[in-house]
Structures are given as structure tokens and as C-alpha cells.
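J.: Below, each chain spelled out in residue letters.
Number of protein chains: 2
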Amino acid sequence: MSLLVVGTLGIDTVETPSETRHDVLGGSAVYFSYAASFFTSVRLVGVVGEDWPPAYTDLLRARNIDTRGLQVIPGGRTFRWRGRYLANMNDRESLETHLNVVAQFDPVLPDDYRRCPFVFLANGPTELQHKILDQCTGVALRVADTMELWIRTQPDRLADLLKRIDGLVMNDSEAKLLSGEENLVRAGHAVRQRGPKFVVIKKGEHGAMFFSKHETYVLPAYPTPRVVDPTGAGDSFAGGMMGYLAEQGNFEPATLKRAMAYGILVASFAVEDFSLDRLIRIERQDLQRRMEEYRTMLSF
Amino acid sequence: MSLLVVGTLGIDTVETPSETRHDVLGGSAVYFSYAASFFTSVRLVGVVGEDWPPAYTDLLRARNIDTRGLQVIPGGRTFRWRGRYLANMNDRESLETHLNVVAQFDPVLPDDYRRCPFVFLANGPTELQHKILDQCTGVALRVADTMELWIRTQPDRLADLLKRIDGLVMNDSEAKLLSGEENLVRAGHAVRQRGPKFVVIKKGEHGAMFFSKHETYVLPAYPTPRVVDPTGAGDSFAGGMMGYLAEQGNFEPATLKRAMAYGILVASFAVEDFSLDRLIRIERQDLQRRMEEYRTMLSF
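Protein sequence lines, in the order shown, are assigned to chains A and B. So the first sequence is residues 988 to 1287, counted in my numbering. So the second sequence is residues 988 to 1287, counted in my numbering.
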């Protein structure tokens, strides 16, 4: 089944302890849709400026990612982010964030986009996430991401959003902030009780946790020795997870757990190089091979 | 098979965000041997002062822990530690550490102790760890723990120790310090290449990693919503792991992985109350039930 995503398309500058890369392809919707494209067709909603290289759009199109929902604003400037990773490669500081054309984005979805059964609202303004849900009909599964900025600045609209979605994906510090709980197990269930049927907490290099009414579990990250650039790991995780669910066409508990595992594995490849550079070089069968290793790793 | 452990027996004062407990039973060898006693008989080597409550020794003896190797120093004072946990319950600061009688401890092992096939050198002065190995003969498996203090102050003796042991257990920050590697997968293998056949890196609430020449894996912590006091979690992990290996009487790769899982589960109980208060209330069948949940959690 097809999968709709709204989120950012951006141009990133990434500083790591060993290397800095300027003006590389990034953005939550970019990582998400590329990751999901290993599993299913993706309909992308986003906005860029005149400075957006058309080659980036071509790269996505070549992956069966529908870019009719991508607006190019004449005279506008694309979302830009600059960040620096600390030595542990897990913590980072955002040095610059320029929303640019994203600030005024008011999408109107193409007709067939509105009937997409699987919808993912990548990290972005909460109001924009509401606007997408307003236009969709007959959605089977609505999942959203959010971040500290929106938790702090739009708590009421975020509370409304939690009642409209089936699943929420967020990282550990965001879950603590939103719930007021320091213990992640309590935090996950506390967030779940505000609306979503399930909550996923991403823990970076430590994996991800899942919470539903009847299930609590944690899956570790795949232990890769080659962490080059963690940017987009969380979005790649979500893309792998949602892509697999859309491919399977259901979200039964067993499917959800396998989807979590695929998300973890796509993310483990994503961090092995800057931007999409590693994901571009792998195929579904590479994911499959790593899945077999991962299953073996967790069997005893 | 029986299991020998040398380490500290202490009296701890533990401050958590919600509660402070004064003068409770603690120490690496205490947590280790209690945890191991779910699986096998333990021979304890350690030293305490005149202030040591005999009831603590009785508590250990009641668990089939042989305390003939426990020296009581007349006029001496027992090892004391005072620590404070941060809000996340994973990071802590040591406020006071008084080695007291441990500083001059020079153990002479009873004859039958020397022939114990499984030996664990809990965290303590590196020289003391060497002294134990010097007295043992025909050991099948030698495993040690260490910590920042000894890595910084006794690097050469620690390097010698790494060549005499089969396995090393340490936490993530210690592994980074010892190896100079920030990536834990690289850190684990770098430490392994200095001598031990396997290395275990404990990651607190995030589980534990295992490294041998042919294996790299990570197992997550059991997600308990009730983390009351993490003191002794690492020692309980090691006790569960070594206890299970000694019970099985081998250290084949499959046994080692199950041992890691048991270590994780014993530790998950240990953190659910102060001191040994939670471990005292469980039985082997509680571990078994949690093991079934844990296996289910990791199956997909």
C-alpha cells in the first residue's frame, strides 16, 4: 500500500569530530522517504526553494517516490540546518536552523494523495501536521514524529494531535520532556495514555522501545563499528518502519515488531556515511542479510 | 561447578532523587555472590572491619555462599561508599569512598578455594586481582571487572592482568577510556585484542554488549518501570552471568549468550529496590518467568 509523508527537504552542513560536510542533501522527509522506498511507493509532501538542486528530486523519483506533492517556491530558499556531533557521535548541537520556505508552507494535497492508507507526519510544525490530517480521508494508520521545539511552543496543538494519531515516534529526551517522567518505560506509557495507540521511543545508538496497551519492549540498535554521521538516523528508522508496515498492509503486533526491526536496520546503514551516501549503495537484499544477522544476535 | 569471587563488602549510603538510604549492605562481592547464588555455590573472598554486622554474613551463608574467605579485621573499619544518582537514574556521582580495611587486604586463600574452576575478580585494586590469580590453579575460566581508578593509576599492571584473564567485564565509559575508542563496537574489540578472549561492555539501562573473535552482539536491558536504586546492577549482572556459566560448567558461545541474558535479568531485579532488598524477595522461578518474557520480547 502507498505511504504519504510530509516533512522537511533540506540542505545540511554536518560537523563530526573527523570531518565536516557542507551543503549535503538532508531533511526528515528525504531520509524517511528514501528509507521507506526499500519497501513501498512513497508520496512526498514538502517544500523547497529555488536553490534546491533538481538532481535531488531526480534521485528521489528514481526510487519510486512520487514528488508531485513537492512545491518549489520561486525566489524562496530551502530549509537549512547546520549541526555538530560530540565525540560520542550520539549527542549533537544544532548550530543553525533556517526554516526558510518551510515557515509559510501551506500544502494542498493532490487528490490521490488524500486517500493514502498510511500517513507519516515527520517532524515539523504541529499546525502543518494537523493540516495534512484535515485533508486525508480513509487513512488506516496515522503516525507522527515531533520534537522539543513543538513540545515547548505548541503544547495544546500537540495535545490535540495526539488524539488524532495512531502512533507517535519520538526520541528519549523528547519523551521525558513530554511526559515529565525520567524512566523511559513510564514515559512511553504516559505519552500513550494521551491518545496514540502506540508510542515508539528512539534511543539513538541504544535502539528503540515500543509501547502499546498490552506490550512493552525494547530492541537494541544493530552494533555497527562504522558510525560516520548519525544525521537522519531517526527519520530513516521511521521510514523503514512505516515502509515495511505499508508493504505488509497491516499493523498487527507481530508486523509492528518486525517493522521496528527493519527501521533499526535501515538506520544502522544510514549512519555509516554522510547524507544518503550509504543508503544509495545498498539494496533490499543487504537489509535482508543484516536482518538475518540481527535475528541471530537476539536468539539464545 | 563452584565459583570464586574476590571483591568488596561494604556499607553504602545511597541518595536517589526520591529517597536516601543510610548504611545499607553493599559492595561488589556482595551483589555478585548473591546474584550468582541463584545458580551455583559461591566462595567469597573479602575483608571487613569490626563494624560489619554479623547478620550480613549470615544472610550470605544462608544462600550457600561460603564465607571462610571473609577476613574480619579486629579494630578495622569496613569499606564505605556514598553516592548520589542524577534524575535519569543512570548517571551518578561518588560522594565518598573509604577503602578502609580493603586498602591493606592481602588474602590467603583456603586450599579448596584455590582449585575453584570459575573465578571472578570483581572491581578492586589490580594488584589484589593478580594476587588471587597467583594462588589459583587449574582455573577453567578467569573473568575480571575493572574501573576508571585502576585504568588511570595502574595501567601497566592492568595490561598484565588482561593477558592473564579469559574475559573482562566493564562499563561503557571505562571501555572508551581503556581503548581510546568512542564507538563501543571498536572499543570492545580493541580491549579484546589486548588479551582477554571475550569482553563484555555494560551499558546500564541500555543493556550489555559482547565481543569475541567471531561474535559481536548486544542485548538490551529488561525494561522495568521501577528503577529505585541502580547500585550493584553491574555486579549483579556479572554474578548472574558467571553463576549461570558455573552452573552449566562450560563457556561455549551459546552458553555465554544465555549467561549474558541471565545477568541482565538478575540486574533488572536488583535495581527495583535498595541494596539486596529486591533480590532477597525473588527465587529462581521469578528469573525464569522474566526470561520467558525477555525471549518473547526479542522474538519477531
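Everything labelled a hint here was simulated from the structure, so no lab data went into it. Be a bit skeptical, because a hint or two may be false.
Repeated chains share a single entry, so a pair holds when one copy, or any two copies, can fit it.
Stated by the list, open to error - Derived lysine to any residue pairs resembling SDA-like cross-links, with alpha carbons at most 25 Å apart:
1) 1150 - 1043
2) 1244 - 1277
3) 1200 - 1114
4) 1118 - 1245
5) 1118 - 1172
6) 1244 - 1139
7) 1200 - 1126
8) 1244 - 1011
9) 1200 - 1275
10) 1244 - 1284
11) 1200 - 1279
12) 1184 - 1055
13) 1200 - 1167
14) 1200 - 1287
15) 1200 - 1041
16) 1150 - 1135
17) 1184 - 1042
All figures in this text were calculated on a predicted structure; none of them were measured in a lab.
J.: For every hint, state whether the structure bears it out.
T.: Hints, verified against the model:
1. 1150 - 1043: Neither, since 35 Å and 53 Å both go past 25 Å.
2. 1244 - 1277: Classified as both; 16 Å inside a copy, 19 Å across copies.
3. 1200 - 1114: neither (28 Å within a copy, 52 Å between copies)
4. 1118 - 1245: neither (30 Å within a copy, 50 Å between copies)
5. 1118 - 1172: This pair counts as neither: shortest intra-copy Cα distance 31 Å, inter-copy 43 Å.
6. 1244 - 1139: neither (30 Å within a copy, 43 Å between copies)
7. 1200 - 1126: Intra 21 Å, inter 49 Å, cutoff 25 Å: intra-copy only.
8. 1244 - 1011: neither (32 Å within a copy, 41 Å between copies)
9. 1200 - 1275: between (30 Å within a copy, 24 Å between copies)
10. 1244 - 1284: both (16 Å within a copy, 9 Å between copies)
11. 1200 - 1279: between (29 Å within a copy, 20 Å between copies)
12. 1184 - 1055: neither (31 Å within a copy, 56 Å between copies)
13. 1200 - 1167: The answer is within: 20 Å in one copy meets 25 Å, while 43 Å across copies does not.
14. 1200 - 1287: between (27 Å within a copy, 18 Å between copies)
15. 1200 - 1041: neither (45 Å within a copy, 47 Å between copies)
16. 1150 - 1135: Intra 19 Å, inter 48 Å, cutoff 25 Å: intra-copy only.
17. 1184 - 1042: For residue 1184 and residue 1042, the Cα distance exceeds 25 Å both inside one copy (39 Å) and across copies (50 Å).
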